[in-house]
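Spelled out, the chains give:
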Amino acid sequence: MTPSLSLDPVSDVRQLLTFPFMVNALQAGTIVAVLAAVVGWYMVLRRQSFAGHTLSVMAFPGATGAALVGLPSAIGYYLACTIAALAMGRTSRLSQYGGSDQTAAIGTIQTVGLAAGFLFLSLNQAVLGGPETLLFGTFLGVTRGQVLALLIVAAVALGALALLARPLTFATVDREVARARGVPVGLLDAGFLLILALAIAATSQITGALLVFALLVAPPASAQLVTSAPLAGLALSVGFAVAIVWLGLGIAYFSIYPVGFYITTFAFGLYVLLRAGRWAWSRRR
Amino acid sequence: MEQATLMFAHEFVRNAYLAGTFIALACGTIGWFVVLRGQVFAGDALSHVAFVGAIAAAVLGLNEQVGLFALTLAFAGGMAALGRRAQADDVVIGIVFAWILGLGVLLLAVLATSSGGGSGITAANTLFGSIYSLSGAASSLAAAITLLVTGFVLVAARPLLLCTLDPELAAVRGVPVRLLGVAFLGALAVVTAESTEAVGALLLLGLIAAPAGAARSLTARPYLGLGLSGLLAMGAMWGGLALSYAIDSLPPSSAIIGLAAAGYAASVAIAGWRRRRGTQWRAQQS
Numbered sequence: 001m002t003p004s005l006s007l008d009p010v011s012d013v014r015q016l017l018t019f020p021f022m023v024n025a026l027q028a029g030t031i032v033a034v035l036a037a038v039v040g041w042y043m044v045l046r047r048q049s050f051a052g053h054t055l056s057v058m059a060f061p062g063a064t065g066a067a068l069v070g071l072p073s074a075i076g077y078y079l080a081c082t083i084a085a086l087a088m089g090r091t092s093r094l095s096q097y098g099g100s101d102q103t104a105a106i107g108t109i110q111t112v113g114l115a116a117g118f119l120f121l122s123l124n125q126a127v128l129g130g131p132e133t134l135l136f137g138t139f140l141g142v143t144r145g146q147v148l149a150l151l152i153v154a155a156v157a158l159g160a161l162a163l164l165a166r167p168l169t170f171a172t173v174d175r176e177v178a179r180a181r182g183v184p185v186g187l188l189d190a191g192f193l194l195i196l197a198l199a200i201a202a203t204s205q206i207t208g209a210l211l212v213f214a215l216l217v218a219p220p221a222s223a224q225l226v227t228s229a230p231l232a233g234l235a236l237s238v239g240f241a242v243a244i245v246w247l248g249l250g251i252a253y254f255s256i257y258p259v260g261f262y263i264t265t266f267a268f269g270l271y272v273l274l275r276a277g278r279w280a281w282s283r284r285r
Numbered sequence: 001m002e003q004a005t006l007m008f009a010h011e012f013v014r015n016a017y018l019a020g021t022f023i024a025l026a027c028g029t030i031g032w033f034v035v036l037r038g039q040v041f042a043g044d045a046l047s048h049v050a051f052v053g054a055i056a057a058a059v060l061g062l063n064e065q066v067g068l069f070a071l072t073l074a075f076a077g078g079m080a081a082l083g084r085r086a087q088a089d090d091v092v093i094g095i096v097f098a099w100i101l102g103l104g105v106l107l108l109a110v111l112a113t114s115s116g117g118g119s120g121i122t123a124a125n126t127l128f129g130s131i132y133s134l135s136g137a138a139s140s141l142a143a144a145i146t147l148l149v150t151g152f153v154l155v156a157a158r159p160l161l162l163c164t165l166d167p168e169l170a171a172v173r174g175v176p177v178r179l180l181g182v183a184f185l186g187a188l189a190v191v192t193a194e195s196t197e198a199v200g201a202l203l204l205l206g207l208i209a210a211p212a213g214a215a216r217s218l219t220a221r222p223y224l225g226l227g228l229s230g231l232l233a234m235g236a237m238w239g240g241l242a243l244s245y246a247i248d249s250l251p252p253s254s255a256i257i258g259l260a261a262a263g264y265a266a267s268v269a270i271a272g273w274r275r276r277r278g279t280q281w282r283a284q285q286s
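Chains A and B, in that order, are what the protein sequence lines are. Just so we're aligned: the first sequence equals residues 1 to 285 in the working numbering. Just so we're aligned: the second sequence equals residues 1 to 286 in the working numbering.
To be clear, the hints were calculated from the coordinates, so they are not data collected in a lab. By construction, the Cβ of each residue, glycine as well, lies at the ideal position given by its N, Cα and C atoms. Be aware that a few hints might be false.
[As the list claims (entries may be wrong)] Chain B is faced by these chain A residues, among others (derived, beta-carbon under 7 Å):
(1) Val112
(2) Ala221
(3) Leu225
(4) Pro258
(5) Phe268
I would like the entire structure built from these sequences, with the hints used as guidance.
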């Protein structure tokens, strides 16, 4: 059966759900959207997009390294992301000038990861299907096992985040006061980076290394344009992310172009719309 | 010694060293300011945009260099227009950058359906560079352009330093802070676009961030750091090229980045050792 759009939404959705691969993709997409929206909300609040992007590209050395030594690629993803998160946590403690030399360290960690990935790839003589699939993912090839594994990892990451939520919000909003009140700020930094690494490693196996980043940054940033209240913001962020992923997957099914393009475009469009709306609102008052 | 002369008997090695020396010099010097100004993430975004620019050019059937320069310069202009005033720099860069990557996905799909293969090699070369396949003309052009950018950075170093460290004071003293900021991002875009072919869009950031970060942890003196950063980048380039020539399976880009990062790690260790010795010394004095 070839996909055809019939302008009747009910029959279109029913047509979508007749395929197991589409059901898997929608389930995985929903889990990914919730996970990325919640973890990303903290990432955006903490201004750690650069660290988030660096962890997202660690999928590349992870996958190529695992292929080189013959391990399953999932292990490679988790290993590479964890190592990068630990390295970043270490440099943030060593940094002497506050922010600016820390970004140099993050940038260096990112390129070292990519350079290692390139080395693994050339040692392995292109067993992988080109760098694009690695970087841009294959949403529509998700298996049942992957959906289950994703669900477990998402539960672990979100549970850990829920445990840390209160002190983490405090340490993020007012670092100095939190430190003075005895909150272990450095430990929280490292803990959050590890949760981010876990979420990214799980997500990028499905969305690809480069698109996990769009889901991490755009829905939370859009939500934070609307409200700065944590609970409402988190809920809104999750709502945006799920809507973007469902819409993207649904439209991509009827189109010859890749899912990643639709998801990033909807995410970007939403942010631009909200930004414009906020600007118009502030002018009117 | 004999091996070195043997190595330089190859034209492709001479081309790589010619282009690589000046690319490294430009990356090192401009990188010093990128790190001081806290714009490493902007550099990261620019280098990914360069990759999308190259694919866009391939889809439209244009020269790859045209696409690289057009898209990186446009993105740098956009960042300069949106940034600075709003506190949201980090987020704005992230969102625009994620969308441009999404466009890249679309363009790759278009390219794959239209040309039927071959896109993988273009993509891999743009992502990771192939400095040993530069032609004589390409390496001379790269050397000339990056030398120009280095010249700009050196000439503008004094006002640039002032705007970076104290923008208010710079504005009072009549330095065109905003214009200089735009010019700086433009120069960074030119370096990115020109170095993509040689070092690769994804690995370029290492040559910008690592030597500058190393220099930063070794010295707080701005001009000394500028020179040191340029020298360290050149050292990593020369050493990396020689290493990958000697070891067959080691790609040049990986060797260059590996050396640059090793230099960074070593200088952080030296800085830590110095600090510890300093506190010991102070403890003995009191």
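Tested hints:
1. Val112: Nearest chain B Cβ about 5 Å off; hint holds.
2. Ala221: holds (5 Å)
3. Leu225: Not OK, violated: Leu225 (chain A) not within 7 Å of chain B, min 9 Å.
4. Pro258: holds (5 Å)
5. Phe268: Since the shortest Cβ distance to chain B is 4 Å, the answer is holds.
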